[in-house]
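Visitor: Using the sequences provided together with the hints, build the complete structure.
Chain residues, written in single-letter form:
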Amino acid sequence: MGTNGAEAGTILLVEDEESLAVGLEYNLGEEGYRVIRAADGAQALERFDSEPIDLIVLDLMLPHLDGFEVARWVRDRSPQIPILMLTARTAPADRVRGLELGADDYLTKPFHLKELLLRVQGMLRRKSWYRKTLEQGARYSFGDIEVDFSSLLCTTPDTSFRLTPLEAALLKYLIENRGRVVPREELLENVWQTKAGVATRTVDNFIVRLRRYFEPDPSQPQHFRNVRGAGYEFRP
Amino acid sequence: MRRNRRYSPIAIFVLAQVGWFVLLGLWIFWYVSNYMIFVSAGERISPQFVFGAVNVVALVGGIVLLVALASAFALIFASLSQQMKITRMYDNFIANVSHELKSPLASIQLHLETLSSREVTPEKRAEFVGLMIKDAERLHALIHSILEISGLEEKRRVYDLRAHRGEALVRGLVEEAVDQYRLPPGAVEITGQAPCACRADRRALKVVFNNLFDNAIKYTEGPVRLAVSQRCTSRHFTVEVTDRGIGIPEKSQREVFRKFTRLYSPDSPTVKGTGLGLYWVREIIRHHRGRVRVISEGRGKGTTVRIELPLVPPRRRAGPRER
Chain A
1 MGTNGAEAGT ILLVEDEESL AVGLEYNLGE EGYRVIRAAD GAQALERFDS EPIDLIVLDL
61 MLPHLDGFEV ARWVRDRSPQ IPILMLTART APADRVRGLE LGADDYLTKP FHLKELLLRV
121 QGMLRRKSWY RKTLEQGARY SFGDIEVDFS SLLCTTPDTS FRLTPLEAAL LKYLIENRGR
181 VVPREELLEN VWQTKAGVAT RTVDNFIVRL RRYFEPDPSQ PQHFRNVRGA GYEFRP
Chain B
1 MRRNRRYSPI AIFVLAQVGW FVLLGLWIFW YVSNYMIFVS AGERISPQFV FGAVNVVALV
61 GGIVLLVALA SAFALIFASL SQQMKITRMY DNFIANVSHE LKSPLASIQL HLETLSSREV
121 TPEKRAEFVG LMIKDAERLH ALIHSILEIS GLEEKRRVYD LRAHRGEALV RGLVEEAVDQ
181 YRLPPGAVEI TGQAPCACRA DRRALKVVFN NLFDNAIKYT EGPVRLAVSQ RCTSRHFTVE
241 VTDRGIGIPE KSQREVFRKF TRLYSPDSPT VKGTGLGLYW VREIIRHHRG RVRVISEGRG
301 KGTTVRIELP LVPPRRRAGP RER
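First to last, the protein sequences are chains A and B. Final position of the first sequence in our numbering is 236; the numbers increase by one with none missing. Final position of the second sequence in our numbering is 323; the numbers increase by one with none missing.
Just to be clear, a hint being listed does not mean it is correct.
Stated by the list, open to error - With a Cα cut of at most 30 Å, we get these calculated DSS-like pairs of lysine-lysine: (1) Lys272(B) <-> Lys114(A); (2) Lys272(B) <-> Lys218(B); (3) Lys114(A) <-> Lys102(B); (4) Lys114(A) <-> Lys132(A); (5) Lys134(B) <-> Lys114(A); (6) Lys124(B) <-> Lys155(B); (7) Lys114(A) <-> Lys124(B); (8) Lys259(B) <-> Lys218(B); (9) Lys102(B) <-> Lys272(B); (10) Lys172(A) <-> Lys127(A).
In case anyone wonders, no lab produced these hints; they're calculated from the structure.
Guide: Following this line, the structure appears as structure tokens:
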């Protein structure tokens, strides 16, 4: 494990378990990241407001304000900050809720140090990749839906809402490859910036979310079509 | 824990019972309305079978049968409710205990992987080893408490009840708890006089005091201040431990002694705990034939835990085992 040098960012580490926080702070620091610690949800909001943050490592079971609330609060203010949820809660309902509230990744305790560091690295890389893709074209319309990639704001005739950075990156990649069936492995490699085969279900979960946002009937998708055994195809 | 509220078991039970009784009413109505037809038909077919007593027996038999069915349904419902309660308790236990197990385990794993994959300075190494020992102790305490409670419930735990002078007992237990939780001087104040003697298992009462101190520390923001008062009444030795923590709402004051129960509140400065501490306290005090209760004026107003232990009968007070 080496340092990330000048490319490393600032990480807000929200963890109430003192010994775990000490170990994580040391390891992230050794990788070249600047670490700001918060021991509860209220402190996390204060730190977030007072420091420029590149990524949040967020425990869920926190005093005063739980991790879900912190994620919701952060997403309202800054839709582009990557959030890695780190928790002892393994129930699928918690995982789904975390992802729905805008977490980009979810890691359960106990975890492997190397896996955590790779995920953090991948999330920060995605963030910079996403920033670059924004410069190439910030708005896209299909049907009566308009997506503004700079603010992550989506507008439909009925409502408007914000995408998470990862949802936006996935949508942008599919739009750029519209009309072509994109394999899951390709999405994992180019959007998640991770090796294929690690978690192909992750792609499916995010496609389900996009369908829920944009399809009139998510069970009969028109825009995000699954081609069995091949991948996904976006049709405007 | 989110519960499925689409089908309320109580609503199903009430509807089923109403159904039974409507059926019973219809049956009686049908029987009475057709009584004359039965009699005339019976007389034509077989006159020797038709006489009053048999009809009454048939009517009463039918009613008894339906009431028996309704009662059986009520018993099944009661049993199912109990099962659901146990399942909910089990879910709470799994949620609380898995957090309490996984957090220290994650920390130990993290520090071990750090030590094996990085060049760590001797100072950092010592710090990480210290943290791992603390986490291992936390795991040990959790497993020990679960096994102890299991032993307590199965009555495998034998208490070593001896006569103790109230004041000396409390002073000793408080000093040990202060030492264990590394509280600063002056954090705990002992007041009152208790020259009476009570019967107690000192080791079990140490668990009680440690749990009370642990709760007081966990649920107090800022410096911990505890007041321990003691007194003797005609039948009991009473000790009260009062903190200045977040307090407990009145409606939850009995609930806190239930197994695996934890009160969630945005004011709470901690999320750690298994929901076993005060249950354990209550069980130990019960085995001493004493009483324990929580008194709090509500949120933010601190909590007092009052423990009453029976006095030693006067003839045994001067026994050779008194401490």
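Visitor: Each hint needs a verdict: does it hold in this structure or not?
Guide: Verification of the hints:
{"no.": "1", "hint": "Lys272(B) <-> Lys114(A)", "in the structure": "holds, 27 Å"}
{"no.": "2", "hint": "Lys272(B) <-> Lys218(B)", "in the structure": "holds, 8 Å"}
{"no.": "3", "hint": "Lys114(A) <-> Lys102(B)", "in the structure": "holds, 18 Å"}
{"no.": "4", "hint": "Lys114(A) <-> Lys132(A)", "in the structure": "holds, 27 Å"}
{"no.": "5", "hint": "Lys134(B) <-> Lys114(A)", "in the structure": "holds, 24 Å"}
{"no.": "6", "hint": "Lys124(B) <-> Lys155(B)", "in the structure": "violated, 46 Å"}
{"no.": "7", "hint": "Lys114(A) <-> Lys124(B)", "in the structure": "holds, 19 Å"}
{"no.": "8", "hint": "Lys259(B) <-> Lys218(B)", "in the structure": "holds, 19 Å"}
{"no.": "9", "hint": "Lys102(B) <-> Lys272(B)", "in the structure": "holds, 12 Å"}
{"no.": "10", "hint": "Lys172(A) <-> Lys127(A)", "in the structure": "holds, 13 Å"}
In summary, the one numbered hint that this structure violates is 6.
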